[in-house]
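Novice: Whole structure, please, built from the sequences with the hints as guidance.
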Amino acid sequence: MIEKEVVIINNAGLHTRPAATIVKIAAKYKCEFFIHKDGMHINGKSIIGVMTLAAEKGSKLKLSFDGIDQEEACEAIVKYFEKGFDEL
Amino acid sequence: MSNNLLKGIAAAAGISIGTAYLYEKQIEVVEDEFVDNVDEAIEAFEKSIKKSKKELNKIFNLAVDKMGEQRAGIFEAQVMILDDPILMGNIKKRIIEEKRSPEFIVDAEISKYQELLSLSKESYMKERKHDIEDIKNRIIRNLKKKKWHSQIESDVIVVTNNITPADTVLFSKVRVKGYITNVGGLTSHAAIVARSLNIPAVLGIHDATIKIKNGDTVIVDGLHGEIIISPTEEQLEYYREKCKRLEEFDTELAKLTDKPAVTLDGRKIILRANLDIVEELEYIIRNGAEGTGLVRTEQIFNLEDEFPDEERQYQTYIDLAEKLYPHIVIVRVFDIGGDKVFPVDVKEPNPFLGWRGIRFLLDNENLFKTQIRALLRASAHKNIKIMMPMITSLQEIRKSKEIIECCKEELRNENKEFDSNINIGIMIEVPSAAVMAEEFAEEVDFISIGTNDLIQYLLAVDRGNEIVSSLYQEFHPAVIRTLYKIIHSSKLGEAKVSICGEMAADILATPLLVGMGLDSMSVSAATIPHIKKIIRSINYEEAKKLTKECLTYKTEKEVSNRLQEYFKENFVDELENVF
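So the sequences go chain by chain: A and B.
Be aware that the first sequence starts at 1, since it is given in our numbering, and climbs by one per residue.
Be aware that the second sequence starts at 1001, since it is given in our numbering, and climbs by one per residue.
Any given hint could turn out to be false.
[As the list claims (entries may be wrong)] Okay, derived cross-link-like pairs now, DSS-like style, lysine-lysine, Cα gap no bigger than 27 Å in a straight line: (1) B:K1568 with B:K1557; (2) B:K1093 with A:K24; (3) B:K1053 with A:K30; (4) A:K28 with B:K1050; (5) A:K30 with B:K1093; (6) B:K1129 with A:K37; (7) B:K1092 with A:K28; (8) B:K1093 with A:K28; (9) A:K24 with B:K1112.
[Claimed, not checked] Label-pair ranges, simulated between beta-carbon atoms: (10) B:V1038 with A:D69: 28 to 38 Å; (11) B:R1398 with A:V7: 53 to 63 Å; (12) A:K4 with B:N1161: 51 to 61 Å; (13) A:K83 with B:D1134: 24 to 34 Å; (14) B:S1111 with A:I2: 30 to 40 Å; (15) A:V7 with B:E1348: 33 to 43 Å; (16) B:D1039 with A:H36: 32 to 42 Å; (17) B:E1133 with A:K4: 32 to 42 Å; (18) A:V7 with B:D1032: 49 to 59 Å; (19) A:I68 with B:K1416: 48 to 58 Å.
Everything labelled a hint here was simulated from the structure, so no lab data went into it.
The beta carbon of each residue, even a glycine, is placed where N, CA and C say it ideally should be.
Specialist: What follows is the structure, given as structure tokens:
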């Protein structure tokens, strides 16, 4: 398992469109993917779960990946966060 | 007046005596029930997801350009929720383990996420809560719909608040003897459907669902707009006698089936039928219609699920064309919007002035072309005509014709048969079209006046709004002058002119309309024999004089008084039997 911390950097925060994109990216990989915030553990492959995350600009999230392709999944997801969900 | 008698709007003629069935939609109430058959419950759940997906995809595909990126994104996310492996897995697991009704589990599981969102301080999260609420309600609604279907019994009088197009689909599958509603007017969807199915209906009885209890015996008098709850033996006797007389009158009318609708002095009027559901076809033929003057395609297909593909449409149209051959089948392309079937999710502040009729089709060209191709292919017997709704400008006519030509070209290249001279017509139902009638007529083969919308737009009266519905007047001088102008202009523009809409079915209006010089009329199948009987006892020259006279009047009262007077003088028979 690998864990990684990310920060939300776009103005609008983790709204519906990026939530959908994150789930779509995650679906390409076999490994388990969870998002941890304020004591909540959300399955990153569940759109309704990710939508429920109230993550505004500046929020810190912990991502965890566990499975055969965890490295690739981690890289792809973290990159999307670092790009500010293509909204910078 | 007896105290068990309530008055409402007489929406569809006929008398029914039967048992009341209260149809109440309580979709917001989710009951915690146990299920006996888990497999069935899972299947129902999966079906509701599939149906919800279809609904959302349809809305998404049609409206994506109009919704803006943000709303489109929300729709996409909603579709994704229906595919959410974690959520769906949890729901199914719980249904199997707890043996509880799918709607209860769906509600419980999705509400969990909503509660999480409530904890958030962010205001935009509240919006998100509504999105999740939407999808939850959609699934539950689709789960319940199935349930309702199996619950409605046959041979009942349906008592409900209002009838939506979706309900109609439901009701058409069981035998309903009568309709009673709290709200709704003469030209509401409920009224149109009741008339086309020949089911007596009284609408707009405000507290029908309170005063009538499930299982009560009720009498529906759809001609006088009266209902009687728990009738006395005396009342029952009176109405049974009346039913018998009506039957005799119908038998009398049935003798006219094979006779033409021709005036005493030899003017022939073509009488066609409006068709809303395919099941009506036999009835239309039996009642002696010379084809259809208006096929409401948005009604015959269940557009709630998805738009039918070319093949399915073709099968439906060719079937109509063959069964009605050699008569003409005038098909109106999808008239969506306004009060018609439409995905509820595209909310407009003023749908009657919004995205409807030809506007919607020209914005969704692929959908339009699919229908045109299907119609063209079904025109191989040369008895199909295409009609466009809600035309307001010449540009719309030209653009539509362009699209039709383009479809013809495609079919030619595919070596498919069709009527290359297929007649194209338009509905005139908007004041701008009435003003431009002559110029429009020059562009098309025929014109059909849609009185329901025309009157509504002309008088600025929402026909569905009970507060002002009394201002919706067929015999308003502005209405009859406009009708006359359209008919006159159409002839100048060398287009055939017809009328469809409720006014055509009003026997009081028949002499006036014939006198205006219409070539044909299209009414519900049930009304055809009545109108035919009137036409056959009119003298055309006299009717023309009557029309001229009516065109000079300045008030609605004068016009309707004169028509009533004319009626009493000429059709005593009709009055005694029917009224």
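Novice: Next, verify each hint and record whether it holds.
Specialist: Going through the hints against the structure:
1. B:K1568 with B:K1557: holds (16 Å)
2. B:K1093 with A:K24: Holds, at about 24 Å.
3. B:K1053 with A:K30: holds (25 Å)
4. A:K28 with B:K1050: Holds. K28 (chain A) to K1050 (chain B) sits at ~23 Å (cutoff 27 Å).
5. A:K30 with B:K1093: Within the cut-off at roughly 22 Å; holds.
6. B:K1129 with A:K37: holds (19 Å)
7. B:K1092 with A:K28: holds (24 Å)
8. B:K1093 with A:K28: holds (24 Å)
9. A:K24 with B:K1112: The hint holds at about 23 Å.
10. B:V1038 with A:D69: 28 to 38 Å: Since V1038 (chain B) and D69 (chain A) have Cβ atoms about 35 Å apart, the given range 28 to 38 Å holds.
11. B:R1398 with A:V7: 53 to 63 Å: holds (57 Å)
12. A:K4 with B:N1161: 51 to 61 Å: Check passed, 55 Å falls within 51 to 61 Å.
13. A:K83 with B:D1134: 24 to 34 Å: holds (30 Å)
14. B:S1111 with A:I2: 30 to 40 Å: holds (34 Å)
15. A:V7 with B:E1348: 33 to 43 Å: With Cβ atoms ~41 Å apart, the hint holds.
16. B:D1039 with A:H36: 32 to 42 Å: holds (37 Å)
17. B:E1133 with A:K4: 32 to 42 Å: holds (33 Å)
18. A:V7 with B:D1032: 49 to 59 Å: Since the Cβ atoms of V7 (chain A) and D1032 (chain B) sit about 43 Å apart, the hinted range of 49 to 59 Å is violated.
19. A:I68 with B:K1416: 48 to 58 Å: Check passed, 53 Å falls within 48 to 58 Å.
Going through the hint list in order, the structure does not satisfy hint 18, though it satisfies all others.
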